[in-house]
Structure formats: structure tokens, C-alpha cells
Amino acid sequence: MKIGLEVHLQLPTVSKLFCSCSTSGNGPNTSICPTCLGFPGSRPKLNRRALEMTIMISRFLDCRISERSWFSRKTYFYPDLPKNFQITQYESPIGVEGGYSFNGKIVRITRVHLEEDPGKIKRVGKSGEEVSLIDYNRSGIPLVEIVTAPDITSPSEAREFMADLLIELRHLVGLSERDEQTVRVDANISVGEERVEIKNILGLKNLERGLSFEASRQNKMLKAGRRIVRETRNFDEERRVTTPARSKESEEDYGYILEPDLGVYQVSSMAKTVQVPETPLKRAERLSAEYGIDRNSIRQIVLTSSTLTDFLERLCSNMPPEIAVTWVLGPLSSNWKYLERSLNEDLSNRIENTIQMVIRGDITDSEARMRIGAFARGGGAETTQDSKERSSLAELVSECIDQTPQVLFDFNSNKRAANFIIGQIMRETKGKYSSSEIVETVNKEIERRLKDRVII
Amino acid sequence: MKSETIEEVARIARLKLTETERTEFSKDLEEVLEYFSMLDEAPGEKEYGLNPIEILDMLREDEVRREIDPELLIRMMDTFEELVRGPRLV
Amino acid sequence: MFSELIDEVPSDSSFKFNFSAKDNLCTIDFQTRAGSRILDGYRPPFDATPVSRLRRAGGLLIGKTNMDEFGFGTFCTNSGYGVPRNPFDIERSCGGSSGGAAAAACLLEDHLSLGVSTGGSISCPASFCGVVGLTPTYGRVSRYGLVDYGNSLDKVGILARSSSMIKNHFPTIAGSDPMDPTSCAQPTLDLDDTQIDSIAVPREAMENIHPSVRDSFLRALDIMRDQLSIDIHEVTIPSLRFALPAYYVLATSEASTNLARYCGMRFGVRGDDVTQHFNDYFSSVRSKNFGKEAKRRILLGTYSRMVGFRNRYYLKALSVRQTTISDYARVLKEHDVVATPTMPFIAPRFSEIERMKPIEMYRADFLTVPPNLAGLPHISVPCGYVDSMPTGMQLVSRHWSEGTLLNIANLWEGVFQYRFPGAQQ
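Chains as they are written, first to last, in the numbering used here: chain A, -16 to 439; chain B, 1126 to 1215; chain C, -6 to 418.
Capping the alpha-carbon separation at 30 Å, the derived lysine-lysine pairs in DSS-like fashion look like this:
hint	chain 1	residue 1	chain 2	residue 2
1	C	LYS281	A	LYS109
2	C	LYS285	B	LYS1141
3	C	LYS281	A	LYS105
4	B	LYS1152	C	LYS281
5	A	LYS109	B	LYS1141
6	C	LYS281	B	LYS1127
7	A	LYS105	B	LYS1141
8	B	LYS1171	A	LYS57
9	C	LYS285	B	LYS1127
10	C	LYS350	B	LYS1141
Partial pick of chain C residues on the chain B-facing surface, computed with a CB cut under 10 Å:
hint	residue
11	PHE39
12	SER249
13	CYS256
14	SER277
15	TYR355
Negatives, chain C to chain B, calculated, CB over 10 Å:
hint	residue
16	GLU1
17	LEU53
18	GLU84
19	LEU101
20	ASP186
21	LEU214
22	ILE216
23	HIS226
24	VAL324
25	SER381
Because the hints were derived from the structure by calculation, they are not lab data. Backbone N, C-alpha and C fix where the C-beta goes; we use that ideal spot for every residue, glycine too.
Put together the whole structure using the sequences plus the hints.
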């Protein structure tokens, strides 16, 4: 199976791509101006930050940066598109011929380019008198489009690839946390010879569902001895099926021409001044290679916090990495939320010394754990017990899970992982709540968290 | 220009042509395109620009500015509850 | 000649001068319809930069001048709002597309007309109406607020009775404007007098010219040589003949995308039935409100950039433009200006225009198109009178050398007397 993706992501600039309107409107059509409404005589003016972000993403994806880049007009008629053409890039994308290493292979990146988002169709009016009702706040928000070669081999891999990519881009340019739901993807998929394009899939869940449906549809057709025709389909979120898209009757010929209002950008020379910071998963890869740390463990650490990873790097240079990882994944990880708040050179030294003392055999493992727990409580003046009695059961459960997040990871494979939390709450509340009440609250909280998080 | 061609071009350009217009335009465009065909023999340069002069690296900073009150623009348009009204989609 | 005029000129004299703007320049206080029915009633929420700059300099905008719809025409007969008539002979055309602007400049004393040229829309009407028309270098004057025809070709300029009036006000409208990035690549405007030594006359430009127009141009060259001591050299620029088709391909390609936005939503006229499917709604609004020439150019431009034709027409035209620019540069390295007649004939009668086929009208622009395609500054000055109708001479100089043009026009005005209809009566 071959899957290629065309990913559209909004870039988190404060102003739009070609005008100075805010990217966060407060109510419909509150962030609009002649440019993003396409009024006659208005002109586009390119946002420097959006261009820099696109260069950064292109570099991160190992793309070759175009020496000269410009914009083009893609003409098609639609009520949400103010000029009835979209300013996008055609023959000179910012980046080309890159690659992203993932699941032990390279997914080739064909191109990375910058374009404007159309407005948003909010409602379609009353039945019988359907019209389109449009909010142009979204019109002109910068979008980066990332196109991959058909190097992905399954719907679940497509989702994992996207999830990883989003983790990286979130760190790189600061995408919004909602991107997993709002990312728009066009996917092409072929199980045999001919490929089918699924247009406009919203979010990662739908991406996997749409591709799975399409894969089985194509497989069934091939089994039945039928041919797959090259076509464009839409994904119906409610029915979870793909359906053939517009008929040939209304096919557009985009008739690309150059956009003269913006001129040319010497992007490769601009790229020299753009720094690409190390992203979490790249860092995980590096640390895994440098210290021989197991991939899953290091991934768990970098996803917990970048300061925790900093601390791991510090420990690794002064002690055997496997010991450092054990401590970081264990007591440090569960207490990190609190330790991080008062983290300074002194505290860092105290934590490291504590672990060194265990290594030398000066103190026992559990004594060290207690000490670290005490550091987390800020010296232990107030016991956690006191504060916990004041909290509700739900808060206690939540706090407890915060301190031992690995429970979430374990829960997927073994539901009994919840018992650890249940036991702890029972001990701490000393019969204040019934056991069934505690079991229910814990399970509910764990499931809620797992639902919200796609990556574990 | 063939009748089907002009019909297809008109559809892409969202123009509905009357029978008279179609006949007239196909003749006009035929003549113009025949004239354009001299471009085939024209010496062209390999490198060319978007503009007759070079316009390089024109950028604005990522700052929010409001030049015209959106309220004024909404009032100019056909709206329903602040949403701009347009034709049917399907 | 005006598509909308001020009700009453205010009696207080705080205004230093009067001016008008071609109707494709946005103005807050007048409709801006660009000669098109599809923009009927449109009042822009902002002023075009050249307009606001002239107002700030003490100018009073007295009205908007009529034009061919979106600039599509050579004779100003393609407006949705009537046809302006030539001040020298009302049976004849003003020229296009800034026809109203040229007529106003001719009829009103001390009047400054803002015009716009894409392929000759300042030179042509200036020549037919016997006024001076300066088309600046592409990117010299901000296009913010200009209703687009072809964005890589459009230039805002000035028409007036004399080059000195233009010289006085041109610095006001020129200069970088952050609202139009393409205006920000320009060097400082320099209008200091320069020595004019040599004029190049391309041989290709002397073919297909009406004999009397040709004679009047040659007489003008003689005066330049004899009285201004400027050398006249015949040169050859073979690529000039490809400029016209290249121009029409580029201009219509760009225009067909610019005009896509007029669809009965957001601005301009609305359709009758918004519950129609959008394809039908857009098509019916557009078919009803665009004029014939606009439709013709939309079709031509759409075709030129379609898959399968794009390489042959659109991309080829871009590369031909580059050749034209290089060829001019070669000639202008040796000479100060390139001179040609502006139009191959005097202002035609409306009855003659009716009989012309579109391709014949397009071909009438063969002298004004090349400098426009190349983005070179040019000026048209009256250079003679044939049958009481003015003829024009077009002078082209290097990019950014508007000073050279205003200087030579000023010298010309020292040795040649312009005529205006009012003065003769």
C-alpha cells in the first residue's frame, strides 16, 4: 500500500499572511480588511515571520531551499475565496526534495510551500432558501503545505507520521495544541496500480479512518476483479466512508499565473539566518544514539518535558546512562511537575548527589526516593497529606496521576495499572471514600486523559 | 476557435454566452490567436521576471494593525448576523 | 468625459489646484466603477495613494473621468457609462483607455488628470486629445487603490496641458508606499535637467503609419535636430514586433484573474437570486454586467493560461517581455530616448471605429505597447496637427529616468506651440 500526504497547517503568526489583520478574530468578520476581502485596489504584503517559519520547516524537513521563490495565483471560483483566486506557490516552493526519518525509514518530502487560507463557510441558511454564510476572519491566515512522496504504507502509519510531525512542528514554530483536530490533509492512496485522492480530511482520527475505509474499498474492488479508477473522493465524517467528489462537469483549470504584486524572494540567502532548533523527537533520536538509551524510554522523557530531558543529559554525562534513565523515568518524572518549579543549580546538584550516593552505596534506593520526594515538596515543611485532605477526590486522583504519568502508558496494555493509583488514594484517604467510588473516579480520569491524547 | 472550446473556456471563467456572443467571440478569438501564433518564432529569454523591474524581498513585520474599521466593511456587504451572504454551495 | 463630478466647487480657496482621477482609482467620496456596470454604485472604503497624496498636497478632486471598462480599449468606446468625445472634433474618439482624463486635461485650463496606463492608455488619449501624458516607470507610483487590469503592467501617470504642470506634481505622487510593495524598489526621483544628445528612432516603428502622421513626426524630428541640436539616429529593434502579442497575452491573463473577484458578492452589483447555485449565480452576475470587450479579454486571458496553452502563450510572453527589456536597454545605452509616433493615425471617427475588428484595434497599439510591456517610462507630447487634429510623439527613456522625459518635453515646448480647442474659438 502506498500513501502520500498533502498536509495543510495554519502558521501561528499574530497577523495574517498578506495583511495586518489579526489572526485571532473575536466574533465573525471582525478581523477583515480590503486585502483579505479582495476589494479592488487592495494589495498583498508578505508577512516576514510566516516566510521565516516556512523556511524553518523546510530546513527541518531537510529540504533544498529554493534560491528564488515567488507566489502564483490559483484561480477557481468559490464563495469563501474573496478574490476567486488563491495566492499560493506553484513552480518555486520554499523547500523541495526533503525527507523525514520516521519508523526507521525516510518519508520523502516533495515540497513545502506557503499560501493563504480561504474564509470559512459557517452556515448554509434555512432549508428551502439555502445560501452560504461566510466568516472571512480565516481568509488570509498563513498556511504551510507539506507534500510527501507515497512512502507511507498503512493508514495507522499515516496517523503516526502526522502525530510525530505535529509534535516536531509544534516545538519548531509553536503550532496550536488543537492542530491534531484542525490539521487539513489531502491523502492519496493506492493498494494496486491506480491511486485515489481523498480531499480535505480534517484531523488525525479522520485521516486514519478515511484511509482505512479507502484501503478496504480498493481491496474489495480488486478482489472482485474490478479496476480502480483514478479519481478524487471526499471523506464523509459522519458515515465514515469516502464518496466520489465533484463531477467532471465542474472541474477547474486553475490556470496558474505569477503574482506580480509581491515580487521575488531570495529565500536561500534568507535561510542562512534562520536557526532551526532541535526538536523533541530529533533530540530523542540523538540521545538514543549517543547514550544507547532505549527508544521508547527516551521518547517518553522528551515528551514529558524539555527541562527533564536537559536534566537527563546532565546526569548521563556524569553516570552510567542506564542508571540516569531509571531515575529520570521513575522518581524524577513523577515529581517533575513540582521539582521543575524550584529548579536551580543548587537543587540540581542536590538531586544528582542523592543519586550518586545510591551509586556509591551510601544510601538506599528508597531513602533516595524519599529525599527526592521531599525536594519536590519544597523541603517537607508541609506534608502532602495535609493538603490532600482539603482536596476533593477528583482532584486527588488527578494529582496522583500527574505524579505517576507512566500509569497512563501502562494502562493501554494492562488495565490493572490503575490499581497503583487506586491503592495510593485508598491509603491516603483512609476510608473517607468507598472503594467503588475511588475505582470509578480513577478509571474515568485515566480514560479521559487517554482520549485527549493521541500520542502515548 | 471551436464552439466546444469557447464553451469550456467560458465555463471556467464563469461566463454564460449567448448564441450570438459565442459565434462572434469564436471568430474574434480565432483571429487574435492566429496573430498570437507569431510568438512561437519570437526569441525569448530563458530567465524572466514577474515584473519588468526587479522587486526583491519585500516584507512586512508580523504586527497587527487596523487601517479600516471592519464594522464599516461589514456594512458595505450583504450580511446576516455579521456573516457575509453568498450563493448556495450545492 | 466625467463619470462623476463634484456638485459644487467650494468657494474657499484653500485648495492649491484642481485635479481629476481616472475612474479606476479608488476614492472615498466618489463612486469608483472603472467604467464597468459590475461596479455600479461602488464606494471604496479608502483613497488610492496617488489621490490621497495629491489631496494632501492641497489638490481638490473635482471628479472621476470616464474610461474603457477596466482599461480595455484603445478608443474609450467600451465604457458602461457613455462615450467621451474628442474636444477637437466630437465625432472622433478621445483615445483610450484614459479618454476622459485626456479630454479633461485638454478642455480645463490648469487641470491635472490622473491617468493609468497598462499598454498605452495614457499615451494614446494624450496623442488624440493633444495633451502631454507621462507614463512613469513601472513601480514608480504606488498602485494601492488602483483597480487592477494587469498587475505587472499597470502604471499611474499624469495628463496635462504642459510638461511643467506634470513636473510640478509628479514628485507628489511618486515614491515608495508601504501599501504597495512593488513601489518600494525604486531609486530616488531625480528631475534635474540633463543633457539630451541623442534620439533613437526604430525603423520598425515607421511602418504601417498613416502618411500624414508620419510626416508630422518627421517634421518634429527635424525641429529637434535643427533647433535643439539633438542628434537623430535610426536604429533597429526587431523584437518590437513581438511586444504586441506578448503584451496582449500577459495583460489578458492577469486581467482574467483580477476580474474573477467580481461575482456579485462583497462589493459591486449583486445578483437577483442569491439562492442560486454559486456557479449559476456568479455566471449570471458576470454575464449580465461585464461588457463585450471585458468578456472577450476574460476569455482570451483564461485561454492563454489554461493547461496545454500556458507554455505556448503565457510563459512565452513572459520571456518575450525580457527580450524586449534587453533590446531597449541595448539601444538606450547609446541614446537618451527612443522616439516614435504615439499612434499610427489621428483620432478616428466613431463611424470608423465601429467597422474595426478587435484584432485591428489591438494592432493600433503597436507603438504604445512596447515601452509599457518593458515597464519603461514614456511621455507623449503633441508634435503636429493633421486636419486640425493633433498628432503625438512618444519618447521612451531608461527605467527610472522620468527626469529625462520631462526635460526633453520642456525643451520641445520651447520650440513648438501646442493648440487647444478653446483658444481657437
